[in-house]
Amino acid sequence: MHIVDGALSNPVVIGGAVVALGGIAMGLKRLPVERIPAAGVLSASFFIASLIHVPIGPSSVHLILNGMAGLVLGWAAFPALFVALLLQAVFFGFGGLTVLGVNTVLIAAPAVAVHFLCAPVIRKGPARRAAVWGGVAGAASLAMTGVLVAFALALTGDAFVPAAKLVLVAHAPVMVIEALLTGAAVMLTRQVKPELFMKEAWG
Amino acid sequence: MSILASLAPVRTMPQARFGAVDPRARVVLSVGFALVTVGLSELVALFAALAMATGLMIMAHLPVGSTLRRMAAMDLFIFALIAMLPFTTPGTPMFTIFGFEASREGLYHAVQIALTANAVALAMLALLGTMEAVTLGHALHALRCPERLVQLMMFTVRYIEVLGEEYARMRQAMRARGFRPRSNWHSYRSYGYLVGMMLVRAIERSERILGAMKCRGFTGRIPLLERFEMRRRDWQFVAGFAVALAVLVGIEVANVFV
Numbered sequence: 001m002h003i004v005d006g007a008l009s010n011p012v013v014i015g016g017a018v019v020a021l022g023g024i025a026m027g028l029k030r031l032p033v034e035r036i037p038a039a040g041v042l043s044a045s046f047f048i049a050s051l052i053h054v055p056i057g058p059s060s061v062h063l064i065l066n067g068m069a070g071l072v073l074g075w076a077a078f079p080a081l082f083v084a085l086l087l088q089a090v091f092f093g094f095g096g097l098t099v100l101g102v103n104t105v106l107i108a109a110p111a112v113a114v115h116f117l118c119a120p121v122i123r124k125g126p127a128r129r130a131a132v133w134g135g136v137a138g139a140a141s142l143a144m145t146g147v148l149v150a151f152a153l154a155l156t157g158d159a160f161v162p163a164a165k166l167v168l169v170a171h172a173p174v175m176v177i178e179a180l181l182t183g184a185a186v187m188l189t190r191q192v193k194p195e196l197f198m199k200e201a202w203g
Numbered sequence: 001m002s003i004l005a006s007l008a009p010v011r012t013m014p015q016a017r018f019g020a021v022d023p024r025a026r027v028v029l030s031v032g033f034a035l036v037t038v039g040l041s042e043l044v045a046l047f048a049a050l051a052m053a054t055g056l057m058i059m060a061h062l063p064v065g066s067t068l069r070r071m072a073a074m075d076l077f078i079f080a081l082i083a084m085l086p087f088t089t090p091g092t093p094m095f096t097i098f099g100f101e102a103s104r105e106g107l108y109h110a111v112q113i114a115l116t117a118n119a120v121a122l123a124m125l126a127l128l129g130t131m132e133a134v135t136l137g138h139a140l141h142a143l144r145c146p147e148r149l150v151q152l153m154m155f156t157v158r159y160i161e162v163l164g165e166e167y168a169r170m171r172q173a174m175r176a177r178g179f180r181p182r183s184n185w186h187s188y189r190s191y192g193y194l195v196g197m198m199l200v201r202a203i204e205r206s207e208r209i210l211g212a213m214k215c216r217g218f219t220g221r222i223p224l225l226e227r228f229e230m231r232r233r234d235w236q237f238v239a240g241f242a243v244a245l246a247v248l249v250g251i252e253v254a255n256v257f258v
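Protein chains in written order, with my numbering: chain D, 1 to 203; chain R, 1 to 258.
Hints listed in this document are in silico derivations from the structure and should not be mistaken for laboratory results. Hints may be right or wrong, so weigh each one.
Below, a list of computed lysine to aspartate or glutamate pairs in the DMTMM-like style, where the Cα atoms sit at most 25 Å apart [as the list claims (entries may be wrong)]: (1) R:Lys214 x D:Glu34; (2) D:Lys29 x R:Glu207; (3) D:Lys165 x R:Glu204; (4) D:Lys124 x R:Asp75; (5) D:Lys165 x R:Asp75; (6) D:Lys193 x R:Asp75.
Start from the sequences and build out the full structure, keeping to the hints where you can.
Written as structure tokens, this is what we have:
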């Protein structure tokens, strides 16, 4: 869900930009030069993943996977997802320019939150339990994104409150899909390449 | 439609008329245009902004059909968001649908948002979408964006295409095994494995990249060689653009105080 230019009130847009700047600075500070290739390649794979359409009933949804991004990247999710959003805005016209900060916060803040909540459990223990927590992370990050979008809309004006509620409802089915997918992805990566989650330096 | 096809516009259209204009100027001007347009509230001024963006689109030689289709995809999103505004904003009732009253103020607000979003997106596609992504990275670097962020962006741009091909290969392998996506547990698990495998391959690729870069003497800095120069024509373009923005502001101010 990209919010477009002109929809939100100025305080929300400016607040979002400030928080995004802080998050990006934090992520870059914790991103050693040696990890930039890895972060870039992961950022590119999340960009590709966001183009995957998954069937749900008669319709289909595209993936966001910010939970998975958070689990793998930690704070680096902020700059990585910002870059992906910037490229989407500039070359596809999705989202906008002045709302880039807000959109980054909506996607990346839940990713970082999920990293601190779920990544420690996912690193150790049996893969099956890690997969369950991966599912929790996928659902939680998307739920947080939905709440943040609704919050940004509601802060903008009372007239947006019904739209904000609609956004929350619309996020529910996507939440289930993302939970299942993230769980399966964690299951596989824990077995094939457990180091993916071991990057302490990302944290 | 394959993923790679949807990535196609990342490549430039070299015939863009202001392709020669300094990329830094284009970045600054598009931000300026976005800030001014978001600040406008009068419909006349917003229509003028949209007209200006359309002019930019034509000047940039963007393929009109596919650009407008792209805008329409975005407008579906906007529509879902703002269609409710007339009914939820209190004000002068205008018409009723199924017993819900639409207010003039709400409709006005909805039209404002639609015009702003379309104008900014169109101008952005015209000014920035027509440049090579790598050039955008250089321009951002020249405009004092943090070096590591620019490097991260360069890596992302470089590997989007590579990973897109990897994704296409894996999807083809799945199809070859008879996978047909449906709404069931098997499909979702397969997609999850697909995403997981993409990440595993990506991270292993990044290890090889880093190794290769170290072989070539990577010290943590990637020298960005491109140097930009503002020429007379660039300044003329900037001046013309600034005048146009001033006109937009002028229309807005004139209408507010009438």
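To see whether the hints hold, each was checked on the structure:
no.	hint	verdict
1	R:Lys214 x D:Glu34	holds (10 Å)
2	D:Lys29 x R:Glu207	holds (21 Å)
3	D:Lys165 x R:Glu204	violated (42 Å)
4	D:Lys124 x R:Asp75	violated (45 Å)
5	D:Lys165 x R:Asp75	holds (20 Å)
6	D:Lys193 x R:Asp75	violated (41 Å)
The structure is inconsistent with the numbered hints 3, 4 and 6, although it conforms to all the rest.
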